[in-house]
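Here the protein sequences line up with chains C and Z, keeping their order. Counting from 72, one number per residue, gives the positions in the first sequence under the working numbering. Counting from 72, one number per residue, gives the positions in the second sequence under the working numbering.
In case anyone wonders, no lab produced these hints; they're calculated from the structure. Nothing here was measured: the structure is a model prediction, and the numbers come from that model.
Any copy will do: because identical chains look the same in the list, a pair fits if it lies in one copy or spans two.
Within a straight-line C-alpha distance of at most 25 Å, the following computed DSS-like cross-link-like pairs (lysine-lysine) qualify:
id, residue 1, residue 2
1, K201, K441
2, K213, K246
3, K284, K187
2 protein chains.
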Amino acid sequence: MLVEIINIGDELLIGQVINTNAAWMAEQLNLSGFTVLRFTVISDSREQILEALHEAEKRAEIVLISGGIGPTKDDITKTTLCAFFNTHLVFNEDAYRDIQIFFALRGHQVTDLNRKQADLPERCFTLPNKLGTARGMWFEKKRTTEGKTVFVSMPGVPFEMKEMMINEVIPRLQKSFSTPYIYHKTVLTQGIGESFLATRIEAWENSLPKNIKLAYLPQPGMVRLRLTGTADDEQKLRHQVDSAIAELEPIISEYIFGYDEETLEEIIGRLLREKGNSLATAESCTGGYIAHLITSIPGSSDYFKGSIVAYSNEIKENLLFVSPEILAKFGAVSEETVEEMAVSAQTQFNADYIIATSGIAGPSGGTTEKPVGTTWIAIAAQEEVFARKFLFGDSRDRNIRRTALQALAMLRKKLLE
Amino acid sequence: MLVEIINIGDELLIGQVINTNAAWMAEQLNLSGFTVLRFTVISDSREQILEALHEAEKRAEIVLISGGIGPTKDDITKTTLCAFFNTHLVFNEDAYRDIQIFFALRGHQVTDLNRKQADLPERCFTLPNKLGTARGMWFEKKRTTEGKTVFVSMPGVPFEMKEMMINEVIPRLQKSFSTPYIYHKTVLTQGIGESFLATRIEAWENSLPKNIKLAYLPQPGMVRLRLTGTADDEQKLRHQVDSAIAELEPIISEYIFGYDEETLEEIIGRLLREKGNSLATAESCTGGYIAHLITSIPGSSDYFKGSIVAYSNEIKENLLFVSPEILAKFGAVSEETVEEMAVSAQTQFNADYIIATSGIAGPSGGTTEKPVGTTWIAIAAQEEVFARKFLFGDSRDRNIRRTALQALAMLRKKLLE
Numbered sequence: 072m073l074v075e076i077i078n079i080g081d082e083l084l085i086g087q088v089i090n091t092n093a094a095w096m097a098e099q100l101n102l103s104g105f106t107v108l109r110f111t112v113i114s115d116s117r118e119q120i121l122e123a124l125h126e127a128e129k130r131a132e133i134v135l136i137s138g139g140i141g142p143t144k145d146d147i148t149k150t151t152l153c154a155f156f157n158t159h160l161v162f163n164e165d166a167y168r169d170i171q172i173f174f175a176l177r178g179h180q181v182t183d184l185n186r187k188q189a190d191l192p193e194r195c196f197t198l199p200n201k202l203g204t205a206r207g208m209w210f211e212k213k214r215t216t217e218g219k220t221v222f223v224s225m226p227g228v229p230f231e232m233k234e235m236m237i238n239e240v241i242p243r244l245q246k247s248f249s250t251p252y253i254y255h256k257t258v259l260t261q262g263i264g265e266s267f268l269a270t271r272i273e274a275w276e277n278s279l280p281k282n283i284k285l286a287y288l289p290q291p292g293m294v295r296l297r298l299t300g301t302a303d304d305e306q307k308l309r310h311q312v313d314s315a316i317a318e319l320e321p322i323i324s325e326y327i328f329g330y331d332e333e334t335l336e337e338i339i340g341r342l343l344r345e346k347g348n349s350l351a352t353a354e355s356c357t358g359g360y361i362a363h364l365i366t367s368i369p370g371s372s373d374y375f376k377g378s379i380v381a382y383s384n385e386i387k388e389n390l391l392f393v394s395p396e397i398l399a400k401f402g403a404v405s406e407e408t409v410e411e412m413a414v415s416a417q418t419q420f421n422a423d424y425i426i427a428t429s430g431i432a433g434p435s436g437g438t439t440e441k442p443v444g445t446t447w448i449a450i451a452a453q454e455e456v457f458a459r460k461f462l463f464g465d466s467r468d469r470n471i472r473r474t475a476l477q478a479l480a481m482l483r484k485k486l487l488e
Numbered sequence: 072m073l074v075e076i077i078n079i080g081d082e083l084l085i086g087q088v089i090n091t092n093a094a095w096m097a098e099q100l101n102l103s104g105f106t107v108l109r110f111t112v113i114s115d116s117r118e119q120i121l122e123a124l125h126e127a128e129k130r131a132e133i134v135l136i137s138g139g140i141g142p143t144k145d146d147i148t149k150t151t152l153c154a155f156f157n158t159h160l161v162f163n164e165d166a167y168r169d170i171q172i173f174f175a176l177r178g179h180q181v182t183d184l185n186r187k188q189a190d191l192p193e194r195c196f197t198l199p200n201k202l203g204t205a206r207g208m209w210f211e212k213k214r215t216t217e218g219k220t221v222f223v224s225m226p227g228v229p230f231e232m233k234e235m236m237i238n239e240v241i242p243r244l245q246k247s248f249s250t251p252y253i254y255h256k257t258v259l260t261q262g263i264g265e266s267f268l269a270t271r272i273e274a275w276e277n278s279l280p281k282n283i284k285l286a287y288l289p290q291p292g293m294v295r296l297r298l299t300g301t302a303d304d305e306q307k308l309r310h311q312v313d314s315a316i317a318e319l320e321p322i323i324s325e326y327i328f329g330y331d332e333e334t335l336e337e338i339i340g341r342l343l344r345e346k347g348n349s350l351a352t353a354e355s356c357t358g359g360y361i362a363h364l365i366t367s368i369p370g371s372s373d374y375f376k377g378s379i380v381a382y383s384n385e386i387k388e389n390l391l392f393v394s395p396e397i398l399a400k401f402g403a404v405s406e407e408t409v410e411e412m413a414v415s416a417q418t419q420f421n422a423d424y425i426i427a428t429s430g431i432a433g434p435s436g437g438t439t440e441k442p443v444g445t446t447w448i449a450i451a452a453q454e455e456v457f458a459r460k461f462l463f464g465d466s467r468d469r470n471i472r473r474t475a476l477q478a479l480a481m482l483r484k485k486l487l488e
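With these hints in hand, go ahead and build the complete structure from the sequences.
Structure below.
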């Protein structure tokens with residue numbers, strides 16, 4: 072089943088916004104057994120949209136479109152689709168009711184501009200938008216040869232598009248087209264770089280059956296290993312992929328922290344909840360980022376007590392009671408300081424576990440002895456406190472991210488002891 | 072001068088790698104007065120490359136291609152270009168010398184695979200690659216009507232492509248084509264949704280000169296308004312765009328927080344630095360995210376003292392000294408609590424300004440009286456403290472993001488008083 076993706080938006084073509092929609096859509100489609108043939112990015116121009124639709128129709132059975140269906144003047148996708156499918160806009164009661172509810176929940180009146188979003192092409196099936204006011208539009212067109220081409224128009228706003236893809240578009244495409252059975256499993260690793268990982272698992276990788284493909288998906292601080300199997304027999308395929316993973320696990324056990332879509336902050340949350348334990352953080356170089364990751368998980372107030380972000384020595388002394396002597400003798404970025412931060416936070420928050428961080432995130436602040444990227448992480452766990460030193464890179468963003476992931480990974484191991 | 076960009080690579084089409092090349096190329100081209108008409112992403116397939124070249128040739132004067140010119144088997148762009156331009160590969164002495172030097176500098180021998188990179192199409196002008204071994208290729212082809220189309224093939228590796236674009240491709244394109252002058256300016260707004268903004272500025276938008284285009288670029292918590300002007304006279308155009316913005320400002324002054332690529336956390340940092348003032352935060356529902364945004368800015372330790380994240384009533388009492396009576400009477404999500412948090416943090420951090428937040432981020436925890444999304448934000452500024460209530464939506468991630476942006480926007484206004 073060949074798919075083409077058309078992304079519409081002037082902001083993409085002048086390079087102001089990077090087109091992340093196409094890659095995300097393609098990944099989801101691949102996971103569901105569809106093959107993406109082409110991405111096309113065009114501007115909010117009637118002629119260009121029409122031309123792209125005509126071209127895509129010749130090559131693909133499925134054409135997915137995002138962008139240009141907002142309420143403003145520059146959004147002309149909807150009227151252009153009417154021209155292409157030889158139909159016209161009609162007022163859609165259901166869509167209008169959804170728009171009214173959307174604004175009522177937010178305490179707003181519906182403007183004329185928003186009301187127009189309920190004007191939708193007559194010859195299409197509309198898809199609800201749980202997170203916005205622009206409905207999706209599903210068109211079908213007979214091919215000149217045989218069969219049909221499906222066209223789906225979605226919002227360009229990434230979170231609205233994603234919700235619609237997952238809940239509406241992909242399930243409907245799977246009903247409309249038959250696809251081979253595909254089974255994915257992703258192994259999540261932390262603390263080892265892509266090339267070292269590749270060397271370590273080379274023999275295992277070479278022994279994989281032909282119908283199982285391996286992809287390395289590196290991100291700052293972690294590498295995901297995705298296995299994708301294709302076959303006609305679901306049971307057999309699942310067994311095959313699971314066996315391959317069972318063989319992989321002992322080779323890199325110290326780096327694996329989870330599977331599939333899990334995040335370290337979710338895993339930490341689950342473990343703390345199971346044990347009935349609580350957590351707090353004392354952060355310097357991570358500046359609240361670890362607390363942010365932990366509190367991004369719904370329900371985290373059940374186990375997370377809070378954080379003290381101590382961004383200066385003064386605050387490390389006054390709020391975390393690190394002794395001035397230790398700061399003077401060993402510096403803020405030291406085993407001694409980070410362990411004192413952890414122990415003090417444990418008392419203040421009355422928490423079972425503490426993560427403490429202190430490092431030089433950069434770009435400035437490095438010395439020969441402690442270059443940018445030097446980072447200490449401490450974990451306090453009941454009666455015990457321990458710290459480890461790391462030397463990350465020279466990018467501030469990535470140092471913050473890597474410190475946070477490394478700290479969560481250390482806590483996870485402690486929680487599993 | 073119309074440009075099309077073709078990016079070649081299987082890794083793009085399965086969503087494994089996000090196509091950042093096209094956006095970067097487009098931005099550079101725009102700044103140099105070229106208009107990009109379309110991006111096309113295709114796989115490493117001979118037929119698809121030929122089809123994309125034939126199509127692009129009909130529409131554009133300039134076709135820029137990246138990807139598929141590495142030394143490995145799946146890189147077939149070079150031989151496909153030979154087919155398209157009816158030429159063949161010949162061994163290029165200059166290119167081979169560059170490859171030898173490249174490897175000698177890195178202490179490596181030239182392999183057979185690398186030697187083949189010196190085989191280049193006979194009918195093209197080659198462009199040096201300072202950072203890699205794959206040369207760029209510049210082809211010209213007569214158009215059936217009049218004039219010529221320029222095709223340039225570049226590496227897909229982003230840093231190699233960027234070096235070649237800046238030093239070779241753009242200077243040569245500017246010599247070959249005369250370009251109009253283009254001027255962009257982006258107005259950043261916060262605290263008003265896209266459709267309300269559109270209604271409010273409708274009359275202004277309708278009065279814009281024809282050579283100035285307006286685009287709405289919404290993100291969670293903010294909307295960017297981008298004006299793009301095109302003209303032959305640089306001075307006149309800049310004046311025209313700046314005048315349009317001067318007319319816009321009084322209409323939405325309370326929502327504008329900056330221009331172009333600035334962020335609220337950068338602006339806050341600049342203002343605090345200029346005034347020699349310090350900042351700390353006392354966060355509940357934002358869980359450290361505001362501290363994280365502020366500390367993502369290099370040098371923020373000069374003005375940011377830290378944060379207390381108080382994720383439970385117990386911590387609000389023990390570390391932020393909110394009185395149990397206030398928590399019992401008004402609840403954690405109340406004007407009284409958030410103001411007490413702010414005032415207490417001001418003393419503890421000895422900071423000039425404090426941001427305090429308390430809200431129901433969701434998805435659970437809402438009541439009829441205080442539904443999910445209910446949020447109080449307080450600012451303490453020297454002798455003064457004030458708070459405002461907001462009702463955001465039902466998405467946890469976006470509530471955290473919107474609360475943070477709203478809090479930073481409130482602080483910015485206070486700093487400008």
